[in-house]
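Number of protein chains: 2
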Amino acid sequence: PLRGKHNERSGVFADLTREEYLQVQEYMLKQTDLDISTKQTTKPSENFLFLIDLSLPKKKEALEYLDGKSPKPVREATVVVFYGAKGHIKEYVVSPLPNPKKYRDVTLERYKKELPINARTVTIGEYVLIFQFFQEKVFVKLDKLLKESFNYSPKNNLNAFEQMPRGVQSGDRITWVSFFRDMSGMYIHPVGLEVLLNHKSVNSSQWTVDRLLYNGQYFDSVDELKQKYDDGTVKKIVYKESLDYGSLKPRKKPLELGPQQFYAEGKRYSINKNHVLYLDWSFAFGMSSLTGMRVFDVRFKDQRIVYELSVQEAMSVYGSVTPGMMLTKFLDSSIGIGRFGHELVRGVDCPYEATYVDTYRYIDAPAPIRFRNSICVFEHNMGQPLRRHFSDFFHNSYGGMVNSALVFRTITAIGNYDYMWDFIFYQSGAVEAKVHATGYISSSYLQDGSLKYGHQVAENVLGNIHTHFINFKVDLDVMGVKNVFQTKDMEYVNVALPWMPNRTAMIPQLVEKQLKTEQEAALRYDTKTPRYLHIASNMTNRWGHQRSYRLQVFSFTGEHLPESEAEEKAMSWARYKVAITKHKDSEQTSSSLYSQNNIWDPAVDFSKYIEDNESIEDEDLVAWVTAGFLHIPHAEDIPNTVTVGNGGGVLLRPHNYFDEDPSIHSPDGVYFGPG
Amino acid sequence: PLRGKHNERSGVFADLTREEYLQVQEYMLKQTDLDISTKQTTKPSENFLFLIDLSLPKKKEALEYLDGKSPKPVREATVVVFYGAKGHIKEYVVSPLPNPKKYRDVTLERYKKELPINARTVTIGEYVLIFQFFQEKVFVKLDKLLKESFNYSPKNNLNAFEQMPRGVQSGDRITWVSFFRDMSGMYIHPVGLEVLLNHKSVNSSQWTVDRLLYNGQYFDSVDELKQKYDDGTVKKIVYKESLDYGSLKPRKKPLELGPQQFYAEGKRYSINKNHVLYLDWSFAFGMSSLTGMRVFDVRFKDQRIVYELSVQEAMSVYGSVTPGMMLTKFLDSSIGIGRFGHELVRGVDCPYEATYVDTYRYIDAPAPIRFRNSICVFEHNMGQPLRRHFSDFFHNSYGGMVNSALVFRTITAIGNYDYMWDFIFYQSGAVEAKVHATGYISSSYLQDGSLKYGHQVAENVLGNIHTHFINFKVDLDVMGVKNVFQTKDMEYVNVALPWMPNRTAMIPQLVEKQLKTEQEAALRYDTKTPRYLHIASNMTNRWGHQRSYRLQVFSFTGEHLPESEAEEKAMSWARYKVAITKHKDSEQTSSSLYSQNNIWDPAVDFSKYIEDNESIEDEDLVAWVTAGFLHIPHAEDIPNTVTVGNGGGVLLRPHNYFDEDPSIHSPDGVYFGPG
Ligand SMILES: [Ca+2]
Ligand SMILES: [Ca+2]
Ligand SMILES: [Ca+2]
Ligand SMILES: [Ca+2]
Ligand SMILES: [Cu+2]
Ligand SMILES: [Cu+2]
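Top to bottom, those sequences are chains A and B. Numbering follows my numbering, in which position 58 of the first sequence is assigned residue number 58; successive positions increment by one, without gaps. Numbering follows my numbering, in which position 341 of the second sequence is assigned residue number 341; successive positions increment by one, without gaps.
No lab work stands behind these hints: they were computed from the structure. Owing to the predicted nature of the structure, the values given are computational and were not obtained by experimental measurement. Here a beta-carbon is modelled for each residue, glycine too, at the ideal position from N, C-alpha and C. Careful: at least some of the hints might be erroneous.
Quick look at which bits of chain A chain B covers, simulated, 3 or more residues with Cβ under 8 angstroms [unchecked claim]:
(1) 241–253
(2) 257–265
(3) 310–320
(4) 379–388
(5) 538–552
(6) 607–620
(7) 661–670
Taking beta-carbon pairs under 10 angstroms as the criterion, some of the chain B residues facing chain A (in silico) [to be verified]:
(8) Ala14
(9) Tyr83
(10) His395
(11) Ser397
(12) Ala413
(13) Glu565
(14) Asn640
(15) Val642
(16) Asp661
With the sequences and hints as input, model every part of the structure.
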């Protein structure tokens with residue numbers, strides 16, 4: 001028996017349906033003056049409809065609708081067109097859905113500037129041309145080298161993995177492409193060949209090879225490499241078969257089955273469309289092709305606590321002596337995090353008995369695609385008490401309760417890496433956002449000087465040192481949208497003992513502060529931050545304390561890129577463990593689709609959100625939380641990085657929000673006294 | 001089908017059996033010249049056999065025995081006698097077991113000084129006298145006040161909770177005792193009466209009341225309080241019934257059962273005596289009455305990784321305006337952490353299907369006591385993959401494996417607080433030591449100035465700010481006992497781009513160091529510590545890197561007590577996130593049974609272990625790890641603190657220890673390619 005009722009109004013946050021994608025696509029194609037193509041084979045020099053995604057409603061309108069005070073906001077889609085023929089990118093809002101009737105160019109409104117065409121993501125159409133280019137302009141010429149060094153043949157290809165950013169300044173689209181053996185886990189089978197492809201022009205006939213690296217040596221052209229190889233004046237790589245260490249095939253047969261979880265009396269949660277009910281919790285959910293999973297209107301006992309909790313960005317900075325990975329700084333939301341939310345495997349990715357939900361996306365494809373079972377939802381017995389006390393003095397008794405919580409999960413496999421994203425809803429009123437990394441590390445071919453940048457992890461393979469920084473948007477609304485940002489900590493104060501006034505002692509005291517402006521509340525990772533961080537209401541609980549939720553950040557981040565680097569602007573959110581902004585509909589995300597490929601002049605620079613240093617007192621506040629870890633790869637990252645210890649996140653915990661621990665009202669409580 | 005065989009030699013770490021305790025007790029009683037009593041009612045002025053516990057074997061002897069190179073070390077017991085009649089405490093080693101034949105005074109050998117009698121733990125015998133003292137010397141005189149203020153009656157008692165340390169200097173035994181309502185969860189029902197009991201003399205007839213606090217006012221004697229109360233010159237507390245908010249009785253009836261875990265094909269671990277086998281893991285275990293749970297000779301694929309992993313101490317420092325909690329600094333191992341490892345509740349404290357193990361202890365009791373089901377062991381499906389990768393480019397395939405791990409758990413309810421201790425054994429070769437806190441917070445009666453020290457959490461109740469610091473001993477032996485301590489981290493270095501020499505970029509580099517001495521390797525919490533900490537061997541893995549285990553500390557500790565305070569010496573281990581010492585059998589623990597009650601001149605001062613600043617290169621190293629959290633109590637700590645977010649620990653992870661992730665050899669691996 002479920003406690004609450006499903007909320008039809010959650011549909012305001014629902015991803016576009018298959019039908020809606022098709023309506024928008026059809027509508028855009030009807031605008032013949034725009035000259036847009038939706039074909040996968042659209043060339044960079046043509047105009048390509050890259051993305052259709054939900055336009056989130058304005059918060060005010062959504063809240064009024066959720067609270068029954070106004071009609072449903074008009075449903076709108078965002079459309080991204082790469083205008084290769086015109087040299088720019090446009091974002092449109094198409095509305096109303098269903099049956100769109102108008103479109104509006106929102107590029108300037110959203111980004112305050114035009115988006116140059118080279119800020120675009122490389123499409124599958126462009127990849128096809130790139131592979132063709134390598135085949136025709138590089139591989140054909142180097143057949144002897146490739147055969148001798150890599151046992152290359154039409155049946156035994158080399159796979160490409162490109163490094164980003166693509167160059168060193170705005171407008172560049174010059175990509176170091178590294179080559180890997182055509183084996184499973186290619187990412188850890190580098191061969192020692194890297195090619196600098198200049199694909200700045202939208203016309204692929206103008207593409208060039210600007211430089212090559214072979215076995216640690218640089219060459220200005222394919223011809224130079226070929227000639228010197230043939231002359232015998234280069235240090236050659238001689239092909240040697242390599243072990244299949246990247247394979248994930250089990251080396252052992254199954255033994256007994258491990259422990260499984262089951263629901264003896266059925267599930268205690270329910271999913272209807274994009275709305276979830278679980279004991280006292282309810283929330284709406286969605287999956288952005290770009291930023292990934294998100295929940296909205298998270299309520300506990302029907303009181304809204306979180307308006308939006310969403311993944312924003314996953315960023316990594318690499319170190320290497322090889323040119324490809326030397327500059328590598330990945331900004332995954334520019335490729336699409338949610339885009340890679342594929343099917344989850346029952347019994348491995350989520351418990352066998354979990355509920356699996358399909359999602360539909362339209363990104364870099366000729367039609368919307370269904371991603372079967374790409375979200376899982378399950379209640380999990382965490383194998384520990386949520387709380388317990390055994391009393392053997394005085395009132396002998398035992399009271400406790402197991403920690404069963406609801407997990408909402410997606411896993412996005414973005415090339416080599418797989419990020420597991422969890423939002424967890426506890427019966428204590430806490431919500432946790434967690435990420436773990438697994439999958440393959442990026443690697444480079446071992447050469448002189450490599451070991452300054454990581455550890456060798458296989459024959460001729462260096463696992464490159466890198467950082468993982470993840471940004472979450474946490475729009476808590478604590479008893480409404482007017483909130484303040486508080487910090488709490490301790491300090492020792494020397495106090496005279498009242499019963500021995502000539503004696504003093506250092507006693508811990510509570511230190512509370514309310515931070516007044518965005519810049520005060522931008523808490524840098526390289527400074528000491530107060531231990532407790534709270535989004536608080538001016539409303540008080542029964543004991544007179546401001547009701548609040550505390551943000552507890554779990555993180556093992558490495559060093560953030562120095563601000564002296566031009567690329568830093570596209571990742572300025574990572575300066576801060578927590579940064580608080582005044583909510584604006586125009587500041588929807590901390591990163592953008594256009595950050596990776598125009599990293600030097602990104603469409604969104606998070607630090608601008610706090611540059612105006614607005615007041616954050618009694619305002620609608622948003623916390624932008626960064627977590628992550630430093631990754632120094634080691635042999636045990638082969639074949640895959642394990643999740644244990646490789647993660648981070650933020651726990652949102654009630655702190656004087658309630659008058660007592662709400663789990664005392666859980667039906668899972670257990671108690672006994674002496675018989 | 002289990003992989004390994006149980007190791008009979010693990011018995012060298014086994015707790016004393018019931019029979020062994022009895023043999024030792026009987027043997028000590030036979031030494032009539034010692035004049036020892038084992039009766040629970042033994043008076044402080046008499047000689048009391050307080051503790052019998054296993055004496056751990058010397059490491060060298062144990063290793064030789066484990067490795068089959070020498071016979072079993074003589075089994076020995078430690079005996080602690082409180083010589084009230086002589087004014088000191090003695091530790092003896094009694095041997096051999098079974099059938100002891102000799103005893104040896106090891107006090108000076110172990111502590112380098114005599115142990116004064118007032119360093120002793122308050123025994124149940126002394127508590128009986130204390131309660132009697134309060135009854136006869138305080139309550140009888142204050143009957144009117146007690147009745148009017150607290151509705152006190154013989155049927156409605158007040159419960160006592162004492163604060164420690166007991167005074168301000170060595171030799172003191174002057175304890176502030178706070179009174180609480182006789183309700184469940186008394187710890188959160190303070191009444192506003194605190195009494196300073198002077199029980200310095202072992203002769204209880206000489207005990208005195210040195211001061212009283214009633215409703216925020218101080219009085220020099222019971223008579224003064226009584227007279228001023230009767231005169232009406234004190235601000236009175238008028239009794240009001242209080243709600244039963246401390247009760248753990250469920251407020252709701254059970255709904256459906258939550259998710260449960262089951263072993264469809266039986267258990268994949270086995271326990272024989274004190275030895276556990278689980279897939280590739282094996283270890284011995286024990287439970288010290290003082291320090292709590294511990295494991296020894298932890299092996300993976302029969303290679304020893306950890307010689308000892310043990311709980312050492314749980315410490316808290318409180319802040320308050322009231323005298324009792326003002327000075328409060330709890331050092332739980334002086335009362336006994338393992339001592340309070342009581343029965344675990346099936347389905348709440350551990351999963352229903354877990355294996356439960358009894359323990360036997362002899363501490364402050366007339367006979368050994370069996371603690372039924374006080375350890376649980378279970379394999380748990382963590383509800384997430386240990387690793388996984390989905391490949392939609394090139395080699396399409398999926399490989400993954402669920403994270404099932406073995407949990408070894410005890411929960412110790414030391415008065416108000418319950419600490420849940422977990423050692424977790426992962427299939428990736430990692431071992432985790434974790435602690436979570438739950439149970440009741442300590443509280444004080446609200447008075448003027450209280451709010452500087454915490455938050456109000458119930459009617460007239462302040463939840464006092466405090467720290468939790470936990471110390472673990474981690475004696476890793478990485479490929480033998482000769483190890484080094486390495487740190488790894490990253491730093492940005494400005495590097496010229498080889499293909500554009502006039503351009504530079506900041507690139508992350510790996511920074512590795514080997515720390516040479518104990519003082520270099522004492523990593524203070526108030527300084528920046530390198531991100532990766534390793535115990536390493538000089539033996540290398542297949543890729544030429546030193547085989548190592550990394551210590552990853554999870555902690556949210558508050559400020560450590562300033563070193564200016566005399567009490568700090570008894571908790572000097574808490575200065576350091578990680579401190580590395582050269583192993584010595586004489587440095588078995590970081591704290592001691594005598595630290596709490598002689599906190600100003602403690603029997604063990606951990607900082608002395610590193611004072612001699614020994615070399616830690618190619619030595620047997622021990623890592624002392626401190627984790628914990630700052631606790632600012634809030635309404636949701638009522639009735640109990642929840643475990644979620646309130647914990648800490650250390651993860652021991654292989655780092656170039658293996659040549660690849662050992663979980664690839666797990667039978668739990670799953671793989672599929674395109675059909
Ligand atoms: Ca702003
Ligand atoms: Ca807000
Ligand atoms: Ca030393
Ligand atoms: Ca060691
Ligand atoms: Cu990584
Ligand atoms: Cu606490």
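To see whether the hints hold, each was checked on the structure:
1. 241–253: Three-residue rule met by the segment 241–253 of chain A, so holds; n is 8.
2. 257–265: This one holds; 9 residues, not fewer than the three required, reach chain B with a Cβ under 8 angstroms.
3. 310–320: Held - the segment 310–320 of chain A has 4 residues with a Cβ nearer than 8 angstroms to chain B, which meets the minimum of three.
4. 379–388: With 10 residues in contact (Cβ-Cβ under 8 angstroms with chain B), the coverage given for the segment 379–388 of chain A holds.
5. 538–552: holds (count 6)
6. 607–620: Not satisfied, violated; 0 residues make the cut.
7. 661–670: holds (count 10)
8. Ala14: Status violated, d = 25 angstroms.
9. Tyr83: The hint is violated - Tyr83/B has no Cβ within 10 angstroms of chain A, the shortest such distance being about 27 angstroms.
10. His395: 4 angstroms, holds
11. Ser397: This hint holds: Ser397/B lies near chain A, its Cβ roughly 6 angstroms from the closest one there, short of 10 angstroms.
12. Ala413: At about 4 angstroms, which falls below the 10 angstroms cut-off, the nearest Cβ of chain A leaves the hint on Ala413/B intact, so it holds.
13. Glu565: 5 angstroms, holds
14. Asn640: For Asn640/B, the interface hint holds, since the closest Cβ of chain A sits about 4 angstroms away, which is under 10 angstroms.
15. Val642: Holds: closest Cβ of chain A sits about 4 angstroms from Val642/B, inside 10 angstroms.
16. Asp661: 5 angstroms, holds
Of the numbered hints stated above, those contradicted by the structure are hints 6, 8, 9, listed in ascending order.
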